[in-house]
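Q: Each chain, written out:
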Amino acid sequence: MTSPARRFARPLSEWICPLGIPLPWSQLVMEKKRFAAAVAGITVAVAMMLFQVGLKSALFAQVVAPIKQMRADVVLISPQFEYLGSSHDFPLERLFSAQSDQAVVGATSLYLGSLPFKNPLTGRARDIFILAFDPAEQPFTNPEILSQQDKLKIESVALYDRLSRADYGPVADLLVKQNAVDSEVADRHVQIEGLFSMGVTFAADGNVLLGRDTYLKISPGARKDQISLGLVTLKPGADAATVAANLDKRLPDDVMALSYADFINKEEGYWAERTPIGFVITASMLVSLAVGAVIVYQILYTDVTDHLPEYATLKSIGFGDGYFVRLVLQQSAILSIFGFVPGLGLAAGLYWATRTYGHMPAELTCGNVALVFGLSLGMCLLAGALATRKLRRANPADIF
Amino acid sequence: MPPIITVRDLHHAFTEGAGTKEVLHGIGAEFARGEICIIMGPSGSGKTTLLKLIGGQRTIQRGSIVVDGQELAEARQRDLVAVRRKIGFIFQAHHLIESLTVCQNVQLPLSFDAGETGATSRARAMELLDRVGIADHANKHPGHLSGGQKQRVAIARALVRRPEIILADEPTASLDGATGREVVNLIRSLARESGCAIVLVTHDTRILDIADRLIHLVDGRMDDSKATN
Chain A
103 MTSPARRFAR
113 PLSEWICPLG
123 IPLPWSQLVM
133 EKKRFAAAVA
143 GITVAVAMML
153 FQVGLKSALF
163 AQVVAPIKQM
173 RADVVLISPQ
183 FEYLGSSHDF
193 PLERLFSAQS
203 DQAVVGATSL
213 YLGSLPFKNP
223 LTGRARDIFI
233 LAFDPAEQPF
243 TNPEILSQQD
253 KLKIESVALY
263 DRLSRADYGP
273 VADLLVKQNA
283 VDSEVADRHV
293 QIEGLFSMGV
303 TFAADGNVLL
313 GRDTYLKISP
323 GARKDQISLG
333 LVTLKPGADA
343 ATVAANLDKR
353 LPDDVMALSY
363 ADFINKEEGY
373 WAERTPIGFV
383 ITASMLVSLA
393 VGAVIVYQIL
403 YTDVTDHLPE
413 YATLKSIGFG
423 DGYFVRLVLQ
433 QSAILSIFGF
443 VPGLGLAAGL
453 YWATRTYGHM
463 PAELTCGNVA
473 LVFGLSLGMC
483 LLAGALATRK
493 LRRANPADIF
Chain B
2 MPPIITVRDL
12 HHAFTEGAGT
22 KEVLHGIGAE
32 FARGEICIIM
42 GPSGSGKTTL
52 LKLIGGQRTI
62 QRGSIVVDGQ
72 ELAEARQRDL
82 VAVRRKIGFI
92 FQAHHLIESL
102 TVCQNVQLPL
112 SFDAGETGAT
122 SRARAMELLD
132 RVGIADHANK
142 HPGHLSGGQK
152 QRVAIARALV
162 RRPEIILADE
172 PTASLDGATG
182 REVVNLIRSL
192 ARESGCAIVL
202 VTHDTRILDI
212 ADRLIHLVDG
222 RMDDSKATN
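As they're listed, the protein sequences go chains A and B.
The first sequence begins at 103 in the numbering used here and counts up by one.
The second sequence begins at 2 in the numbering used here and counts up by one.
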């Protein structure tokens, strides 16, 4: 008989696959149709989970896409700021005051607002998000904007976001055919002379960049001394959170200073916590995870149940419960891996469709892939462990 | 020499509808090493239930079974596993693992032994398969074998670890007369060589001649009037 110590000393390979007999694999592939069906079920569950997780990431990446193109370490905002589309103004003077901080090397202002944009083909107008700035400054890091922003020095010239919704008209296509496209913003003529990519958000179906002077001229009530955002850049090595806290303490109450990271969190937090959108997205992701878990459990439970007589045979000839748990967990791991790989491919296709047709920044990130793989593997293992309960509790003779 | 299996006052009942039906009524018997004992009886007499209780495959409800010094009544799971490993069980329906080859089926119980490797276990399995006459089918799956061939594989699997006890449940039930005869002769010759105890349940009267002792079960009771020694 084998002593426990000797058994413990066995190589891991023997512990997992005794005598090199690949029973877990053999059992899975013996019935190829059932194996294919199980893999297909897990594939769908994995793709669904990856897509939902990716959709959530994409939606929140989308809402901060304009911010991600801004050059800033610290951002000044109005205390009434809710989100980018409802930013409220504060005095430009606060930006000048912020520049007196020793850690600050630069500060630029942004004017934000929504104004009606006229479809150049149909003549129909609908609101578009306006980002205006002094073209002599560089509030954005987007190379496309940097290379074209000098055009905004000319009055009435605008740059148009090619990712804007089609409702605004085929501006990008027209611009390729002709050097400029004539349109109107707030019933005032503008000439679109360039394109850039920023992306739509929950608050904006399209974006237009204007020079500050053009904006002040066409936007009713806009004032040069009232700005929407103050973008502050710091000396290398300066701690943005500390500088923001200092500025916040030193500046009057009509302005708030946030580090760039906190500003992004604030924007994401608004959509995630203060609107139904965040709840709906999170809930749908959790539901997809739950549905995926149930699918995986059902597949594995059925598989184990179908093989119960064989497992009972093994139990009756002396295999212990630990062997069955290892066997089923190995099957679970095999199924989760075989289901995950095509699931990943399917999700990649869905992401491509989302990027192409939904203009959303859906990307397969390592974090999301690892999260979903961990979840699917965990679900498979849990389902496998649960599925062996009947076998562990039963006498072999009860199962024959 | 003390008996390797001792059964005392064994009762067993199955749930039937709202009530229970007792199938074993105070069975008592001893089985010695090297002995071939056949338990006979009509269908429903309780002989298979007795065999499965001895094999640690059912929970003992009342009475006692001691196998090689281990009391099975209220035994811990690990003790039951240890007892099962001492027994070579030959099932009526073979119960081979369809997804494994014939050789792998026979190798599998050798995984209990720490010294075994894939190569040594395969060699031992092939030795047994050769003894039972189906070494040529070693790489086939059980689904491609006849009933008699499957039973030979089951015998090889039961004997591969040189067990001290062989329990055989109707080993000829699914076989024709000639094949059944071959199978029991094989069990007997292999068991004689290793000196293990054989308890064989059957209602096939053609194979009684291999027995050292017959036990008759009728309606869950031992029929002492027909007992032989």
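Any given hint could turn out to be false.
[Unchecked claim] Cβ-to-Cβ under 7 Å is the rule here; a few derived chain B residues that face chain A:
#1 Ile98
#2 Gln105
#3 Ser122
The hints are simulated quantities; they were obtained by calculation from the structure and are not laboratory data.
Using N, Cα and C, we set each Cβ at its ideal position, and we do this for glycine too.
Q: Each of the hints needs a verdict: does it hold here or not?
A: Quick rundown of the hints versus the structure:
At its closest, the beta carbon of Ile98/B sits 5 Å from a beta carbon of chain A; the interface hint therefore holds under the 7 Å criterion. The interface hint given for Gln105/B is met, as the beta carbon of that residue sits about 5 Å from the closest beta carbon of chain A, less than 7 Å. Among the interface hints, the one on Ser122/B holds; its C-beta lies about 5 Å from the nearest C-beta in chain A, closer than the 7 Å criterion.
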